[in-house]
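Listed below are the residues making up each chain.
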Amino acid sequence: MAILKKAKRQKAKGRLRQPVPLDRDASVRYLPLLVAIMVYLAALALAGAFSMNKLAERWDSGLTGALTLQVPAETAAAADGPALDALVTALAGLPGVLAVEPMAREEMTDLLEPWLGETVAAGDLPLPRIVAITIDPANPPDLEALRGRAAELAPGSQLDDHQRWLARLLDLTRAVEIMAAVVVVLVILAACIMVAFVTRMGLAAHDRAIELLHLIGAQDSYVARQFQNHALSLGLRGGLLGFLCALPTLYLARFLLQRIDSGLLPELSLRPLEWALLILLPVAAALVTMLTARVTVLRTLARMP
Amino acid sequence: MLRYGDGPEILKRISLQFDPGSYHFLVGASGAGKSSLLRMMYLAQHPSAGRVALFGRDIAGPSRSETALMRRRIGVVFQDFRLLDHLTARENVALPLHISGQAGARSAKDVEELLTWVGLADHMDALPPTLSGGQKQRVAIARAVIGRPSLLLADEPTGNLDDRMAVRLLYLFEELNKIGTTVVIATHNESLVERFRHPVTRLRDGEAVDLAPGAARPESPRAGNG
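These protein sequences, in sequence, are chains E and L. Take the first sequence: its letters are residues 3 to 307, numbered as in this note's numbering. Take the second sequence: its letters are residues 12 to 237, numbered as in this note's numbering.
The hints are simulated quantities; they were obtained by calculation from the structure and are not laboratory data. Here the structure is a predicted model, which is why all the values come from computation and not from measurement. Ideal Cβ placement from N, Cα and C applies to all residues, glycine included. Possibly wrong hints are sitting among the right ones.
[Stated by the list, open to error] If the Cβ cut is set under 7 angstroms, some of the chain E residues that face chain L in the computed set are: (1) 23; (2) 218; (3) 219; (4) 220; (5) 221; (6) 250; (7) 254; (8) 285; (9) 286.
[Said to hold, decoys possible] Distance ranges between label pairs, derived from CB positions: (10) L:117 - E:250: 29 to 35 angstroms; (11) L:218 - E:190: 55 to 61 angstroms; (12) E:255 - L:55: 55 to 61 angstroms; (13) L:201 - E:202: 56 to 62 angstroms.
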């Protein structure tokens with residue numbers, strides 16, 4: 003009865019139903035699910051890569067233009083007093099230096115107390131003095147001159163421009179981005195193999211109908227169109243399902259990361275362009291599915307007599 | 012010559028030419044090679060040896076795309092009907108028009124008229140599994156002629172029909188023949204053949220052994236609509 007009703011609807015619309023009845027195949031049930039899983043994994047991989055990229059940018063921008071001078075505890079300049087003032091004045095006077103600000107002892111004590119206990123608060127532990135130096139990134143100072151001036155006024159002090167640490171961080175984020183790209187490529191590859199397999203099954207299951215279409219004058223492209231339209235529909239359906247499933251996962255990850263509230267961890271807040279790329283995933287999945295089906299059909303038919 | 016795989020020769024030393032606009036019967040017992048000859052003519056099979064030409068072209072030459080275009084000029088009534096079970100009678104008949112990009116309101120009217128003519132006005136939206144053998148055969152015939160083919164090949168087109176309907180359909184083929192379609196009908200119903208004054212070619216054990224007066228010309232290198 004359902005078939006008759008559908009036929010009547012088609013007649014009313016004046017259209018012919020698909021001559022190859024692919025909508026009754028098992029692929030209708032499981033292909034969208036498999037595509038959904040692929041899109042879900044790809045969405046998580048991409049979102050992870052975007053977040054790592056943003057974390058690197060944040061650290062980079064936070065640290066570019068910032069230097070840290072570590073003055074040994076045994077040096078006079080480590081304590082508040084004229085030696086420290088002289089150091090600050092000397093460094094602030096160098097070209098390219100915007101500000102020189104020694105970290106207050108209480109501030110350092112507060113930072114270290116959770117790890118080192120009350121010994122720090124009691125002042126029993128000799129602590130080096132940290133001096134934050136803000137430089138003009140557009141007109142940076144001569145680091146060697148700065149390092150020499152600091153060593154002159156505070157022997158044994160160490161100047162850290164964070165570049166080594168930043169380089170390692172950038173290596174890490176690049177590696178994560180490459181891994182995400184590899185995951186996406188593997189997902190696409192797996193989707194292609196799966197769609198090709200499903201399409202071949204469809205070709206085998208409907209060989210009689212396909213032979214008939216050929217015998218009454220159908221071009222290979224006509225047969226391929228049946229399969230590609232079917233695959234496009236299933237791919238789009240699966241892609242949307244996968245994307246919709248990825249959304250709550252991303253929000254959950256974002257919530258958990260925000261709860262930790264650490265500057266060291268990435269944030270999962272995506273930019274509009276990144277959201278656009280994620281939203282395009284279902285469309286891309288549908289297109290990959292459609293093209294794979296088309297190529298598989300055309301290649302298989304070309305080998306037929 | 013035609014053989015399937017390593018099997019015996021199905022057709023041997025056949026040399027026939029069907030002139031454009033002619034009407035032929037192919038007769039012979041079951042297994043004589045009628046269907047195999049038609050299969051080569053509707054481009055489902057290439058000869059194992061020898062040459063088959065259609066519309067002036069060797070069938071071994073054209074590309075897949077050109078072969079498809081040649082097939083659009085051929086209407087075929089298959090012995091086993093080959094209807095698509097999920098399409099209605101109307102959709103099955105409209106299929107060649109859909110494939111050749113001629114589907115439209117006018118063609119839909121043609122389909123209805125043709126189905127009415129073959130006595131299926133009340134079964135246009137029926138699915139093939141719900142039709143009788145004779146009704147399926149008429150749908151298959153309507154599908155073969157809807158595109159007004161240059162060459163009509165029919166393999167036992169009246170096998171499931173009563174005599175009255177069989178004669179009616181053969182007259183339909185005559186009408187098509189009058190407007191230029193070459194018609195080749197394979198049948199073992201010789202009593203029906205005798206009612207029509209058309210050339211008869213008899214096949215026996217894969218050879219054309221008996222040619223009635225006016226039959227397809229022998230000793231020609233081609234079998235097809237020249």
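Tested hints:
no., hint, verdict
1, 23, "holds, 4 angstroms"
2, 218, "holds, 5 angstroms"
3, 219, "holds, 3 angstroms"
4, 220, "holds, 5 angstroms"
5, 221, "holds, 5 angstroms"
6, 250, "violated, 39 angstroms"
7, 254, "violated, 44 angstroms"
8, 285, "violated, 29 angstroms"
9, 286, "violated, 31 angstroms"
10, L:117 - E:250: 29 to 35 angstroms, "violated, 53 angstroms"
11, L:218 - E:190: 55 to 61 angstroms, "holds, 58 angstroms"
12, E:255 - L:55: 55 to 61 angstroms, "holds, 59 angstroms"
13, L:201 - E:202: 56 to 62 angstroms, "violated, 46 angstroms"
Violated hints, listed in ascending order, are 6, 7, 8, 9, 10 and 13; each of the other numbered hints is respected by the structure.
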